[in-house]
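Last residue of the sequence shown: number 295 in UniProt numbering, and the count goes up by one each step with no gaps.
Derived by calculation from the structure, the hints in this document are not laboratory data. Virtual Cβ for every residue (Gly too), placed ideally from N, Cα, C. Among the clues, some could well be false.
Across the chosen pairs, the derived CB separations fall in these ranges [unchecked claim]:
#1 Ala47 / Thr184: 45 to 53 Å
#2 Ala47 / Ala173: 27 to 35 Å
#3 Gly137 / Asp170: 21 to 29 Å
#4 Pro28 / Gly145: 40 to 48 Å
#5 His11 / Ser175: 44 to 52 Å
#6 Gly171 / Gly105: 32 to 40 Å
#7 Thr5 / Ser153: 19 to 27 Å
#8 His11 / Pro33: 13 to 21 Å
#9 Arg88 / Pro28: 20 to 28 Å
#10 Val295 / Arg88: 32 to 40 Å
#11 His82 / Pro253: 18 to 26 Å
#12 Pro279 / Gln66: 23 to 31 Å
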Amino acid sequence: MHPGTHPVDDHLVRRLVAAQFPQWAQLPVTRWPSGGTVNAMYRLGDAMVVRLPLLAGGAADVAAEQKWLPRLAPLLPTAVPHVLGAGRPAEGCPWPWSVYRWLPGEHPRAGALTEPVRLAQDLAEFVTAMRGITLPGAPRAYRGGSLALLDASTRAAIEQLRALPEENVDGDAVSAVWDQALRTAGPNEPPPVWLHADLMPGNLLITDGRLSSVIDFGCMGTGDPACDLFPAWNLLPPHARAVFRALLDVDDPTWLRARARTLSHALIALPYYRTTNPPMATNARHVIHAVLEEV
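Could you put together the complete structure from these sequences and hints?
Here's what the structure looks like:
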């Protein structure tokens, strides 16, 4: 999926577990078909999952989770990954890796939610709790910087999509949304807050339509509060989107920044993942449609 992806397989995982966590060596190992792009997931028995980086950037995510998740978990209203074992680099695996408790549930799909308003309420509660965290020494969130930092990559993606007529993306319309947000953002960044910073459907788990877990905190840190409003467009239908916004009391400038950030992410993802990661590409198309339908 990415250049330089490190190869992993069942044999490697079994060898790593046996060497570093011998108490679990007899448990079965099964590749889990995750839609993640920088880590591989393997079920370890029925109650655990192994997460191994596929890229150097994924290694940084693992280290961040090992450090911060134990501190964040007691402060959040939703279950998050619980680190059961911190794996060390070894032959065949040059980076840290982790064993987590398995979290049950399924990923939500836009257009197929059974409890969209209640899910919007759950997501708003989670985002509110993240914003209220005051733990010192926080890293800078992966997507937490100025909107202007995304300008070049967003415009490049729009031109890529103009060259893909089969995707049917209105380049002028998405450019107008982006330009409006840049004009509104201004030169000053808002006060930073704690963020998950990657609230994609693939990082959410639901049970009976309700949010049961939030996973993959590799992008977490502090930054623009608009960064945690992605579910408004990548998941929620318009009536639930309005509930999400009202519960978080989002003002117009923050809403425009959030919409533009979500759109930028989708515009960049679509040409990159359209042939390698169908779930990511499908969600990107959904976001583009949802944003243009709203404006």
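| task | Could you check the hint for me, namely that Pro28 and Gly145 are 40 to 48 Å apart, CB to CB? | result | This hint holds: roughly 43 Å between Cβ atoms.
| message | Quick check on a hinted range of 45 to 53 Å for Ala47 and Thr184, using CB atoms only. | response | holds, 48 Å
| said: Is 18 to 26 Å respected by the C-beta to C-beta distance linking His82 and Pro253? | reply: violated, 37 Å
| message | Does the beta carbon distance between Pro279 and Gln66 stay inside 23 to 31 Å, or does it fall outside? | response | With Cβ atoms ~27 Å apart, the hint holds.
| Whether the CB-CB distance between Gly171 and Gly105 falls inside 32 to 40 Å | holds, 37 Å
| field | Distance restraint hint 21 to 29 Å, applied to the beta-carbon atoms of Gly137 and Asp170 | value | violated, 44 Å
| field | Range agreement (Cβ of Pro33 with Cβ of His11, hint 13 to 21 Å) | value | holds, 18 Å
| Do Val295 and Arg88 keep their Cβ atoms within the hinted range of 32 to 40 Å? | violated, 49 Å
| Status of the given 27 to 35 Å range, CB of Ala173 versus CB of Ala47 | Violated, since Ala47 and Ala173 (Cβ atoms, about 48 Å apart) do not stay within the stated range.
| Given a hinted range of 44 to 52 Å, is it respected by the beta-carbon distance of His11 and Ser175? | holds, 49 Å
| query | Do Arg88 and Pro28 keep their Cβ atoms within the hinted range of 20 to 28 Å? | reply | Given a distance of about 23 Å, which is inside 20 to 28 Å, the answer is holds.
| query | Is the hinted range of 19 to 27 Å satisfied by the C-beta distance from Thr5 to Ser153? | reply | The hinted range 19 to 27 Å holds for Thr5 and Ser153, with Cβ atoms some 21 Å apart.
Figure legend: structure checked against the earlier numbered hints; hints not met, in rising order: 2, 3, 10 and 11.
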